[in-house]
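Based on the sequences and whatever the hints tell you, model everything.
So the protein sequences, as listed, match chains U and Y.
Residue 119 in my numbering is what sits at position 111 of the first sequence, and the numbering runs on without skipping anything.
Residue 96 in my numbering is what sits at position 95 of the second sequence, and the numbering runs on without skipping anything.
Warning: the hint list may mix true and false statements.
What the hints assert, rightly or not - Quick list of in silico lysine to any residue cross-link-like pairs, SDA-like style, CA-CA up to 20 Å:
1. LYS41(Y) / ALA43(U)
2. LYS31(U) / GLN74(Y)
3. LYS31(U) / ASP49(Y)
4. LYS31(U) / ALA45(Y)
5. LYS92(Y) / ARG112(Y)
6. LYS41(Y) / ALA35(U)
Note that these hints are calculated values from the structure, not bench results.
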Amino acid sequence: MNRRESLLGPFSPPLPPRDLREKALAAAEAAWEAAPGEAWVRRAGFTRWDWAWAAGLALLLLGNLLVGGRPRKSAAPPSPANRERAEIEELAGLGIVLPPHHRAPQRLRIPQEVDDLSGAAGADL
Amino acid sequence: MRREEGLLPVALAEPNAHGGDMSDERVLAEALAGMARGDKEAMAVLYDEASADLYGYALWKTGNPDDAQDVVQEVFVRLARTRASLARVSKPRSYLLGVAHRAAVDLHRLRRRTEPLEESLFLEGGAGPGERFAAREASLAVAALTPDQREIVYLRHFCDLSFAEIGAALGISLFTAASRYRLAIKRLRRVLGVAP
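And the structure:
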């Protein structure tokens, strides 16, 4: 059908009632006043997509804070030789001296006998 | 209904006989941009330019004059709330009708009116009794359409939107818009007794 032809004749829909203008503008003004915070948003040029990106970034940061990162491992894992030396030293501290073949080959440590009373007074009795 | 010769002329001098034509996209765009800048007076300019078409669309969509007024009011409330984004509207006429469409859909969900349509409310005009009768007959024919068909006919005939613009405003595809329009015209022809 040619757009210039019409089944509906020369007739038009009715116009809005006169009092609708005042009602619509009053309602719009109330909505306008209720959203004053948008002024700074407009000045900054923020859009909804800016807010969406900011929200996503905030969630990422929050998630990272809550879950936390893995602690850094500052020390190297103990090697078997180091573990053995540590055990020998710990035992020596308790006054237990292991037979020579148990000692770490790097260095020999002669534990100090802390409760050596041989030179104390009264030991010759 | 038999079409009387001379009462329903087929050819029109103007494609859009509606007095409240959304005539100038530029004026609408400037009004929207003014609202975005914070100019409240721009709302009044926008109302004066767009209200006739918005009300006509809402009336054809809802079939109720009170609901149509509420839709127009709601359109301006929504524009006021989202005024920050109005400067970026590229097709103001289509945009405003899209806002009206969504407001009408929301209102229908809220109210769900079941009372019958006032069938003569869709069209008016004509000086003499003959023409007024013809206007009523045409309005009755429009009342026979579904709301979806009525809104497509309104947007195409009175707002002069393309099917692509109609689709964008209503959130449907171009093909759906064209299909609904074709069915609406077929139905109007049948009701009016006009040969295809």
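CA of LYS31(U) to CA of ALA45(Y), is that 20 Å or under?
holds (12 Å)
Verify the proposed pairing of LYS31(U) with GLN74(Y), using a straight-line Cα cut of 20 Å.
Roughly 7 Å separates the two Cα atoms, so the pair holds.
Given the hint that LYS31(U) pairs with ASP49(Y), test it: the Cα-Cα distance must not exceed 20 Å.
holds (13 Å)
Would the hint linking LYS41(Y) and ALA35(U) be met if the CA-CA limit is 20 Å?
Cα-Cα ~12 Å, so holds.
So if I understand the rule, the pair passes when the alpha-carbon distance is 20 Å or less; does LYS41(Y) with ALA43(U) pass?
Measuring from Cα to Cα gives roughly 13 Å; hence the hint holds.
Below or equal to 20 Å on CA atoms is what counts here, so check LYS92(Y) against ARG112(Y).
With a Cα-Cα distance of about 30 Å, the restraint between LYS92(Y) and ARG112(Y) is violated, given a limit of 20 Å.
Hint 5 from the list above is the single one not met by this structure.
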